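Work out the full structure, taking the sequences as your base and the hints as a guide.
Residue numbers (the numbering used here), protein chains in the order written: chain V, 543 to 970; chain H, 325 to 620.
No lab work stands behind these hints, which were simulated from the structure alone.
Treat the numbers as computed from the prediction; the structure is a model and nothing was measured.
Worth double-checking, as some hints may not be accurate.
[Claimed, not checked] If you anchor each label on the Cβ, the simulated ranges turn out as follows:
1. H:W453 to V:K830: 22 to 32 angstroms
2. H:R389 to V:G752: 26 to 36 angstroms
3. V:T818 to H:V445: 19 to 29 angstroms
4. H:Y355 to V:K781: 50 to 60 angstroms
5. V:K830 to H:V445: 34 to 44 angstroms
6. H:G617 to V:Y794: 44 to 54 angstroms
7. H:A334 to V:T584: 50 to 60 angstroms
8. H:S443 to V:T584: 17 to 27 angstroms
9. H:I604 to V:E627: 28 to 38 angstroms
10. V:N591 to H:R473: 45 to 55 angstroms
11. H:V469 to V:T818: 32 to 42 angstroms
12. H:R384 to V:R645: 21 to 31 angstroms
13. V:K717 to H:F437: 44 to 54 angstroms
All residues carry an ideal CB built from backbone N, CA and C; glycine is no exception.
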Amino acid sequence: MKKGITILICIMFLCAVTAVFGAEKAKKAGEKIELNLYSIDTNPEQSMNDLIAGFEKENPKYKVIFHGFERVRYDEAVRTAVTGEQPIDILLMDGQFIVSYSRDGLIYAASDLVDFKSRYAKGVLDTITIDGKVWAVPWESAVCLFWLNDTVFKKYALPAPNTWEDVKAIAKKLKGTEIAPLVYPSAQVWWMPMLLFLTLPDFTNNDPIGFTMKTMKGEVGYDHPNYIKAYKRIESLVKDDILIPGSTGIDYDGAIQLFVQGKAAMFYMGNWALPTFKSAASDMGIIKTNWVPHDPNMKPQPAGGPGFCITVSKYTKNLDGAKAFVKYIAKDENATFTAGRRGSPTSNIKGDAKAAADSKDPHWASINPYFKNVVVFFDWLWEPEITKEFQVQIQALLTGEVTPEECGKLVQEKFVELKDEGRAFYWK
Amino acid sequence: MRARKRDFKAAVAPYLYLLPALVLLGLFLAYPIFYNFRISLFDWNGIAPVKKWVGLGNYRSIFFRSKPFYNAMKNTLSFTIGAAVIQTAVGLVLAVLVSQILALRTIYRAIFFTPVVMSIVAVSFIWTWMYNPIFGIINGLLKGVGLGRLALVWLGDYKTALWAILVAAVWKWAGFTMVVYLAGIQNIPYELYEAASIEGAGRFRQFFVITFPLLLPQTFTNVLLTTIGSLKVFDWVFIMTAGGPGRATEVLPFVIYSDAFRFHRIGYAAAEASVLFIIIIVLSFFIIRLFKGFEF
Numbered sequence: 543m544k545k546g547i548t549i550l551i552c553i554m555f556l557c558a559v560t561a562v563f564g565a566e567k568a569k570k571a572g573e574k575i576e577l578n579l580y581s582i583d584t585n586p587e588q589s590m591n592d593l594i595a596g597f598e599k600e601n602p603k604y605k606v607i608f609h610g611f612e613r614v615r616y617d618e619a620v621r622t623a624v625t626g627e628q629p630i631d632i633l634l635m636d637g638q639f640i641v642s643y644s645r646d647g648l649i650y651a652a653s654d655l656v657d658f659k660s661r662y663a664k665g666v667l668d669t670i671t672i673d674g675k676v677w678a679v680p681w682e683s684a685v686c687l688f689w690l691n692d693t694v695f696k697k698y699a700l701p702a703p704n705t706w707e708d709v710k711a712i713a714k715k716l717k718g719t720e721i722a723p724l725v726y727p728s729a730q731v732w733w734m735p736m737l738l739f740l741t742l743p744d745f746t747n748n749d750p751i752g753f754t755m756k757t758m759k760g761e762v763g764y765d766h767p768n769y770i771k772a773y774k775r776i777e778s779l780v781k782d783d784i785l786i787p788g789s790t791g792i793d794y795d796g797a798i799q800l801f802v803q804g805k806a807a808m809f810y811m812g813n814w815a816l817p818t819f820k821s822a823a824s825d826m827g828i829i830k831t832n833w834v835p836h837d838p839n840m841k842p843q844p845a846g847g848p849g850f851c852i853t854v855s856k857y858t859k860n861l862d863g864a865k866a867f868v869k870y871i872a873k874d875e876n877a878t879f880t881a882g883r884r885g886s887p888t889s890n891i892k893g894d895a896k897a898a899a900d901s902k903d904p905h906w907a908s909i910n911p912y913f914k915n916v917v918v919f920f921d922w923l924w925e926p927e928i929t930k931e932f933q934v935q936i937q938a939l940l941t942g943e944v945t946p947e948e949c950g951k952l953v954q955e956k957f958v959e960l961k962d963e964g965r966a967f968y969w970k
Numbered sequence: 325m326r327a328r329k330r331d332f333k334a335a336v337a338p339y340l341y342l343l344p345a346l347v348l349l350g351l352f353l354a355y356p357i358f359y360n361f362r363i364s365l366f367d368w369n370g371i372a373p374v375k376k377w378v379g380l381g382n383y384r385s386i387f388f389r390s391k392p393f394y395n396a397m398k399n400t401l402s403f404t405i406g407a408a409v410i411q412t413a414v415g416l417v418l419a420v421l422v423s424q425i426l427a428l429r430t431i432y433r434a435i436f437f438t439p440v441v442m443s444i445v446a447v448s449f450i451w452t453w454m455y456n457p458i459f460g461i462i463n464g465l466l467k468g469v470g471l472g473r474l475a476l477v478w479l480g481d482y483k484t485a486l487w488a489i490l491v492a493a494v495w496k497w498a499g500f501t502m503v504v505y506l507a508g509i510q511n512i513p514y515e516l517y518e519a520a521s522i523e524g525a526g527r528f529r530q531f532f533v534i535t536f537p538l539l540l541p542q543t544f545t546n547v548l549l550t551t552i553g554s555l556k557v558f559d560w561v562f563i564m565t566a567g568g569p570g571r572a573t574e575v576l577p578f579v580i581y582s583d584a585f586r587f588h589r590i591g592y593a594a595a596e597a598s599v600l601f602i603i604i605i606v607l608s609f610f611i612i613r614l615f616k617g618f619e620f
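Here is the structure:
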């Protein structure tokens with residue numbers, strides 16, 4: 543009996559060892575080289591499957607393995623893969639990670655590997671350019687705008703919300719009705735910085751990025767009067783009854799539902815909401831787009847950038863294959879695969895022009911002009927701790943837990959703490 | 325010679341049987357704990373090939389500079405004490421009520437235990453929608469019965485968010501507490517209740533004089549398990565509020581996760597995890613000592 547058990551354990555051990563080394567042998571004998579694509583787009587059917595098939599046909603020695611991760615898990619997945627020495631070749635990522643990935647040496651600058659810059663819109667490339675290098679090829683571009691429920695606007699004869707006075711007039715007209723002037727997913731801290739993107743340009747003479755860079759270099763503080771004015775405007779969204787009461791209890795899906803059901807006149811969100819509208823709204827005809835509101839003497843300046851962009855991991859063991867894939871994506875004709883699918887261009891000038899001409903989607907055509915004035919999302923530049931502090935304090939501003947002055951003071955305190963610890967980007 | 329060989333085998337055999345379990349415990353429990361403590365002595369972003377030695381610097385930052393840590397500790401302790409008291413009490417009440425039902429007792433037990441086996445993720449999402457201030461069923465019911473003033477922004481208000489999560493957690497786990505108590509109730513000799521009835525004791529008096537004291541071992545188990553589970557709460561917060569509004573629902577595991585995976589401060593997060601580990605050990609020890617005074 544004892545001998546039998548011993549023999550059984552030895553056989554099991556041998557099987558385990560054989561399986562591990564045998565699997566390695568089988569891999570080497572295989573014909574195709576695997577390229578592992580880490581994607582923040584969890585739905586490859588939307589566009590990536592066709593492109594992967596096309597790439598593999600042109601480059602038969604490669605096989606692309608698609609790994610999709612939700613936005614909130616993407617950064618964690620990438621860093622864990624790198625730490626765990628898992629194969630990771632290509633990153634289809636959110637542009638917000640460009641700064642931290644380039645600083646931490648996780649990615650190659652795409653412009654060093656592939657020639658594509660001249661064929662892409664400069665405004666969008668600027669948002670992912672650091673030290674003169676463009677760190678990724680834009681895959682889909684995002685821009686913030688105001689979505690309008692046309693049924694509500696027609697029913698109450700509301701003016702187009704071009705200026706902040708227009709927005710206040712809309713709030714006055716809807717007072718006493720059950721319709722909220724503006725809905726926004728304030729329950730989720732993730733969305734809070736977008737409110738600052740909305741308000742800061744008016745108080746920085748339409749140079750919010752220049753002002754942000756000055757702040758990050760310590761030339762001005764996050765409690766500068768320009769910031770305080772921007773925080774006060776955010777606070778006024780609640781005080782002037784522009785934001786629906788109970789807004790801090792509404793998440794993204796809830797906000798979408800309220801908007802498409804006609805319980806809110808306006809929804810402040812990016813063009814990435816378009817696919818969700820298409821599945822939630824029974825009639826897409828009621829949904830219109832508009833510039834973000836601004837002061838009369840300023841121009842509308844929405845925040846945006848490549849919501850998705852693609853580049854090569856510095857930890858790839860298949861650099862040639864990864865380069866070939868990024869080069870394939872950057873081809874003009876391939877831009878049409880994604881352009882229009884989410885209501886966003888890739889910013890490939892030729893590809894998007896063709897897609898626009900071919901597209902029958904009126905919403906996609908209406909969104910295109912907003913990319914002209916786009917500036918990069920500020921939180922793509924901030925230290926992550928500053929982003930977190932803004933998320934917390936802006937939400938506290940909406941609930942009245944802090945005043946605008948306190949908001950500025952607390953964010954500035956966090957910045958000083960980062961500087962002292964050598965963790966602020968311009969202090970090492 | 326044979327006898328000595330037999331003695332040796334008899335002495336060694338128990339350890340050999342324990343060896344696989346000890347190897348697993350060592351690999352998946354002891355090693356990670358010690359490795360975590362080791363990382364906590366470094367400033368490391370999780371990727372850099374070289375870790376920078378800081379000694380107890382991370383711990384100094386936690387205790388002397390970190391407002392979010394103290395805020396999270398306060399929230400965690402509030403949640404834990406609330407869960408330990410409320411969940412235990414609800415479980416006890418359910419167990420007493422279910423034990424009184426003769427017919428359909430199994431069905432009631434199954435009904436109350438069903439939330440325990442449901443996925444936390446699914447339950448969290450459902451409760452988030454129930455709490456929605458505009459179209460959530462809770463506010464809808466309150467408005468429907470004329471209690472519109474109580475229809476609050478449950479997950480969006482600093483004062484109610486943490487307790488709203490606690491209610492959802494108690495709803496899910498009270499069934500487990502109930503089952504532990506039910507097992508204890510079934511072991512209480514019926515003659516005690518008969519004797520008490522003869523002596524003239526009513527139901528409430530019987531509960532406080534017979535049932536509750538004899539359920540002390542089960543109370544100890546429930547309080548200990550609930551405390552340890554609540555100190556580690558993460559999933560509810562991650563899904564329902566992501567620590568918001570502001571920092572109102574940030575708990576220690578969530579802060580550890582944020583520091584590790586959002587701010588890439590692996591060493592600092594490891595130090596926070598070590599502190600949480602010590603808190604769990606100390607509180608567990610305290611609970612064991614507290615209940616040790618009673619005779620089981």
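Open item on the list: Tell me the hint numbers this structure goes against, listed in increasing order.
Closed with: none
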